[in-house]
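Sequences and hints are given; from them, build the entire structure.
Protein chains in written order, with the numbering used here: chain A, 15 to 422; chain B, 15 to 422.
Treat each hint with caution, since some may be false.
Copies of one chain are not kept apart here, so a pair can be met inside one copy or by any two copies together.
Derived pair list, reagent style DMTMM-like, types lysine to aspartate or glutamate, alpha-carbon separation capped at 20 Å [what the hints assert, rightly or not]:
(1) 147 x 56
(2) 385 x 280
(3) 45 x 334
(4) 45 x 59
(5) 385 x 333
(6) 143 x 373
(7) 143 x 112
(8) 143 x 333
(9) 85 x 48
(10) 45 x 163
(11) 257 x 128
(12) 257 x 334
(13) 85 x 112
(14) 85 x 390
Think of the hints as simulated: they come from the structure by calculation, not from any bench.
2 protein chains.
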Amino acid sequence: MDLETSPLALPFPDMPAIDGVTLRVARARYKEWDRCDLTFVELAEGTSLAGVFTQSACASSEVELGREQVKSGRARAVIVNAGNSNAFTGHRGREAVEAIQAQMGAALGCGADDVLVCSTGVIGVPLPKDRAKAGIEAVLQAPPCTWEEAAAAINTTDTFNKGAHASAIVGTATVNVCGIIKGSGMIAPDMATMLGYIFTDADVAPGFLQELLNAANAQSFSCITVDGDTSTSDTILACATGKSGAPRITGWDSEGADAFAAALGDVCRNLAQLVVRDGEGASKFIEVRVSGAVSDDSARRVGLAIANSPLVKTAIAGEDANWGRVVMAVGKAGEPADRDRLSIAFGGVWAAREGVPVDDYDEAPVAAHLKGQHIDLAVELGMGDGAARVWTCDLTHGYISINADYRS
Amino acid sequence: MDLETSPLALPFPDMPAIDGVTLRVARARYKEWDRCDLTFVELAEGTSLAGVFTQSACASSEVELGREQVKSGRARAVIVNAGNSNAFTGHRGREAVEAIQAQMGAALGCGADDVLVCSTGVIGVPLPKDRAKAGIEAVLQAPPCTWEEAAAAINTTDTFNKGAHASAIVGTATVNVCGIIKGSGMIAPDMATMLGYIFTDADVAPGFLQELLNAANAQSFSCITVDGDTSTSDTILACATGKSGAPRITGWDSEGADAFAAALGDVCRNLAQLVVRDGEGASKFIEVRVSGAVSDDSARRVGLAIANSPLVKTAIAGEDANWGRVVMAVGKAGEPADRDRLSIAFGGVWAAREGVPVDDYDEAPVAAHLKGQHIDLAVELGMGDGAARVWTCDLTHGYISINADYRS
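And the structure:
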C-alpha cells in the first residue's frame, strides 16, 4: 500500500560528507518493489565502532552477531537490508548473514567480523541468499550516493527520509556528526528501537564512544515510543573514522570531549524525534515532560506509561485535554506517586494542581494548543527532583489502517 | 454518542434471586442522560464481604475507603454511581462518598462503614452531592429490580448488560453465585480491572471468601486486557448472605468448599470474558494460551505482552496470521524465552515450531480460522511447565472512534 507522507515530516537536512565514510545503495529486490533496498557503508581502516541493540529475547541473528561485534570496537562495513528482517529464521537466517559477511570481507580485504549486517522488514522469512549475493555484487559496483539516498534505502514503512547533523570544535578542528535512521512502527523504548547509523570524522576511542552512545541513547532512543512494541532487530551504530585531523578523544579529560558529546547527543535526540514524527498514523507530536519524580529513571518510566497509554494517545488525537486519562496513566506506571500531589498541564496551562482540578481552569487556550501539531504535556509529581522528557505521537485511525493491512 | 452493540455480545442469562440480596435502581442524573445510574444493593445482616481493587497509585476515594472496609469482612449495602468516577477530586470527592455512606447508614440503621460506594465514569469532576442525596432518597423508595436492570444501571460505555451465574452443592443445599459487571475500556490486568459484583447465598467466612476471591481473580480478572490501561476505580466485591441454609464454609476442609470455589471461579471467568467481549471496538475475541513457560506467572506475563501488543491486535483485526508480531511480543515480555524453542499456532495449526517457520505450513485453515469471531492463539515457549490463558480483543477503528471522541 502507498502511505502518505506524515504530516509531521521534516525536510531532509543538508549534511556534509564524512571523510572515511562512503555510501552506496543497490537493488537487491528483497520485496517486489522497484527501489534501492541494500545499503553499503564503507568505513576507513581504523574506524571506531559502538552500538546499542534491542533487548528483545527473540532478537534476530543480525542483532546477536552485532552484540558480539561491537565488543571489538572496530568496523569496516555496514550493510543494511530493507524489506526482510531475517528475524526468527533459525540457522538459515544466520547462514544468510554469515554469507554476506564473508562476501563483503573478501571484497574489502578485511575480516568477516568487521562487517556489520542489519536487516529490517518482514519477520520469519529467511533472507534470500541469492538476492543478497547479487545485491552485494551490484552495490560494490555502484557509485557513491548521498546521505538522503542512503536514508531512503534503509526505509520500510517510513514515509519520509530521516537525517540529522551537528558539529563540534575539537582542538582546532571542526568535527561533524551525521546520522540517518529508519523507524515508524514497532517502536518502544528498550535500549534502541529502530535502525540508526551515526558517523563522525572525530577520532574517538571505541570504549569511550560506547560510553557516550549509551548516555545519548538513554536520553533519546530510550525516550520515544510509538506503540510500545519492541522490534526484534533494533540497532543503533556509531562509527568514528578519525579523519578530521582533530585530536583523539579517549575520555572526558580529552580536549573537545564535552563538545563532541553534545553534538552526538543532539544528533541522537533529533534522529529519535524524527522516528516519532514518522510514527504510524501520527498526526501530532507529543512531548511529555515529567518532573518531581523520585529519580530521573522513575520520571522516564512515568513518562513512558503516559506516552504508551492508548487512552491518552486517542484523547490527544481527538484534541481533548483529557487530563483524567493522564492521572490514570500515572497511577498505572508502578512508580512512586501520590494522587494528592499530582499536577498536570497542557501547553503550559495547569488543568489540575496537587490532586484537584484547578478552580478557574480556562480550557480555551488549552483547546487551541491541542489543535496544533506539537503537544506539550507536563506532569509534576511532587515527590522529588527526578525529571525526564519523553516523546510520542497520537494514536489515530491511520495506525489501525496501516497495521491491519500491512504484513510487517 | 450512541454505541452499537458489540458483535461479540452474549444474551443476559437467566439468573436466580439470591436470598438476602435486594437490588434497586434510580435516576441520579450524574450525566445528562435519561437512564438509571444509581444502583443500591441491600444485603442481609451477617453478610460476609471480600474485595479486590485496582493497584493504581492514583485510585479514587471510593477505592481507598473500600480497601479499608473489606478488612471488616462485612457489608450491608453497595452503592454504585455510574457516569462520574469521582476520581482525582481530592477532599471534595471524599466528602461526597462519606455523605452517601452516612445517609444510607442512617436509612438502614447500620454503620456508615458497612456501606460500600463505587463510582465509574468521568475522572476529575467531584460527584455532585445534591444529585447523590436525591438519588439515594429515590432509590430507597424504588421497587426491587432484576439482575439485568441492575447490570444496565452500572454501565457507562458498555454496549450490553453483563451477568453470569453458577451453582454448587454445599452439604445438601444448592447455593447460587450470581454476578454482574461493567467494563469496556481502560481495562488492564492489575488485580481487578472493572466494577464487578458477585453475590451468593452460601455462608462463607469473610477471610476464606477473600482467599477464594483472590484465587479466582488471578485466573479471571487479572487475565484480561483491552487496552493495557488501568482504571483508577476498579473494584470487584463478593458478598455472601448465608441465607441458603447450607453449612458454613470456613476453609478448604469445610463441606462443599471445592464446589463453591469452582462456582465462584466460573462466575469470575465468565464475567471477565464478558468485559473483553464488550472491549471498545472489539470485533474478535482472542484467547492466548501460553505453555512451556518457566512458571504460571511467567506464562501469564508473556500472554499479556501478546494480548497488549497493538501490532498483534491490529493484525488479528486484519485477519492476518502474522506470527512474526507474536515473536516480537514474546521477545519484549521480559520473561525467559528462547527464540529457537518458540512455537506458535493459530486455531491449532502450527505456523512456527522451535524457532523456524513450519516448512509445509498450510495457511488456508488458519486464514479461515481468523475470519471467525473467536481466535485461538497458542504459544509454546519450550522452557518449562508454566501455563496460562489470557483473553483480549482485537484493536480496530472502533476503538479509535470511541476514544478520540468520548471524554471518559
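Tested hints:
| no. | hint | result |
| --- | --- | --- |
| 1 | 147 x 56 | within (17 Å within a copy, 76 Å between copies) |
| 2 | 385 x 280 | neither (28 Å within a copy, 47 Å between copies) |
| 3 | 45 x 334 | between (40 Å within a copy, 18 Å between copies) |
| 4 | 45 x 59 | neither (33 Å within a copy, 71 Å between copies) |
| 5 | 385 x 333 | within (6 Å within a copy, 34 Å between copies) |
| 6 | 143 x 373 | between (66 Å within a copy, 18 Å between copies) |
| 7 | 143 x 112 | within (10 Å within a copy, 71 Å between copies) |
| 8 | 143 x 333 | neither (48 Å within a copy, 30 Å between copies) |
| 9 | 85 x 48 | neither (37 Å within a copy, 68 Å between copies) |
| 10 | 45 x 163 | within (18 Å within a copy, 56 Å between copies) |
| 11 | 257 x 128 | within (19 Å within a copy, 78 Å between copies) |
| 12 | 257 x 334 | neither (51 Å within a copy, 49 Å between copies) |
| 13 | 85 x 112 | within (18 Å within a copy, 63 Å between copies) |
| 14 | 85 x 390 | neither (39 Å within a copy, 42 Å between copies) |
Going through the hint list in order, the structure does not satisfy hints 2, 4, 8, 9, 12 and 14.
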